[in-house]
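Take the given structure of chain A and dock chain B to it, following the hints.
2 protein chains.
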Amino acid sequence: MSKGPVLKEYKNLEEILLDKNLAGLGDAYVNLLYSLAASQRSGYPTGVKVNNRILAEAVRKSGLRKLLPRRIDRHVLGNAAEALIAFAWLADTVTFEDSVEILSEKQDSVEAFTVLLREIWERLDKRDEQR
Amino acid sequence: MSKGPVLKEYKNLEEILLDKNLAGLGDAYVNLLYSLAASQRSGYPTGVKVNNRILAEAVRKSGLRKLLPRRIDRHVLGNAAEALIAFAWLADTVTFEDSVEILSEKQDSVEAFTVLLREIWERLDKRDEQR
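Top line first, the protein sequences correspond to chains A and B.
If you want our numbering, it's the position in the first sequence, counting the first as 1, plus 2.
If you want our numbering, it's the position in the second sequence, counting the first as 1, plus 2.
Don't take each hint at face value.
Heads up, the list lumps identical chains together, so a pair's fine if it works in one copy or across two of them.
[What the hints assert, rightly or not] Keeping only pairs whose Cα atoms sit at most 25 angstroms apart, straight-line, the calculated BS3-like set for lysine-lysine is:
{"hint": "1", "residue 1": "K13", "residue 2": "K128"}
{"hint": "2", "residue 1": "K22", "residue 2": "K51"}
{"hint": "3", "residue 1": "K10", "residue 2": "K51"}
{"hint": "4", "residue 1": "K22", "residue 2": "K63"}
{"hint": "5", "residue 1": "K22", "residue 2": "K68"}
{"hint": "6", "residue 1": "K128", "residue 2": "K51"}
{"hint": "7", "residue 1": "K13", "residue 2": "K108"}
{"hint": "8", "residue 1": "K51", "residue 2": "K108"}
{"hint": "9", "residue 1": "K68", "residue 2": "K13"}
If you're looking for bench data, these hints aren't it; they were derived computationally from the structure.
Chain A on its own, in the form it takes in the complex (with noise of 0.2 angstroms):
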C-alpha cells in the first residue's frame, strides 16, 4: 500500500508515541482496522469507533506506558496507541493486513489491541537492532 512521504524523522518511540499529528491519522486507521476485524468476525460488513479507554487500557497492559511521562491522561494514552499503529503502518514494520489479522485472533478488544501494540513494539525493537 503507498502511503508516500508523509514520516518525518523519530529520535525514539517516545517521540513517535506523542505525536499528535500521527495520533490523528491513526484514529482513522485503527477504526477501520478494527472494522474490517469485526466484519470478518461477524460475516458482513461494519462500522465500529474504538474507543479511547480500550485503546489507553492497550498501551498499560502493552507495556508501552512506561516509555512515556508520568503526568499525562487517557486522553494522551490513547492517542499514543493511535500515533504507533499508523506509525508502523507508514513504516512498513506491521501492514494493514497484518495488523487486521491479529485484531481478529482476540475477541476482547483491549487484549487484542495489547498484542498488535507489543508485535509492532518488538518489530521496530528489531528492525532498530538491525541498524
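The following block gives chain B in isolation, referenced to the frame of chain A:
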C-alpha cells in the same frame, strides 16, 4: 489487501447504495482514504472526518442520485457514497491505493469524491458487461 468474505450478493447497484452495513464500514474506510490523501498533500500525517454533506453532494454530481428513491434525505445520500466506496474496495474493483490517488488529484473534496464515485460506477458497469 485481504478483506475476507464479508460481501454478500447484491441484485443491483441500488441495493449496494442502500446497504446500511456497507455504509457503516464505508464510513471508517472513507475517513481513512481522505485522511491519507490529505496527509500526502500536506506532507505530514493528519486525520480528517469527511462531512456527510460533501458525500451527498458528490452522489448528486456523479449522477448516481438517479438510481436512488426520490424521497431520501441527505444522510441516506451520504451513506450511499460510503456504501459504494466500501463495496468497490471489498470487491477489489478499485483498490485502496487507487482511491487515495484519485482523491489526491482534486483540491475540492466534493469534486474528488465525485470523480471517485464515477470511476467506481464505470468499472462496475464494465465488470457487469463482461459477465
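Status of the hints after comparison with the structure:
| no. | hint | result |
| --- | --- | --- |
| 1 | K13 to K128 | within (16 angstroms within a copy, 49 angstroms between copies) |
| 2 | K22 to K51 | both (19 angstroms within a copy, 16 angstroms between copies) |
| 3 | K10 to K51 | between (27 angstroms within a copy, 23 angstroms between copies) |
| 4 | K22 to K63 | within (21 angstroms within a copy, 35 angstroms between copies) |
| 5 | K22 to K68 | within (19 angstroms within a copy, 42 angstroms between copies) |
| 6 | K128 to K51 | neither (31 angstroms within a copy, 34 angstroms between copies) |
| 7 | K13 to K108 | neither (32 angstroms within a copy, 34 angstroms between copies) |
| 8 | K51 to K108 | within (17 angstroms within a copy, 28 angstroms between copies) |
| 9 | K68 to K13 | within (17 angstroms within a copy, 53 angstroms between copies) |
Hints 6 and 7, counting from the list given before, are not met by this structure.
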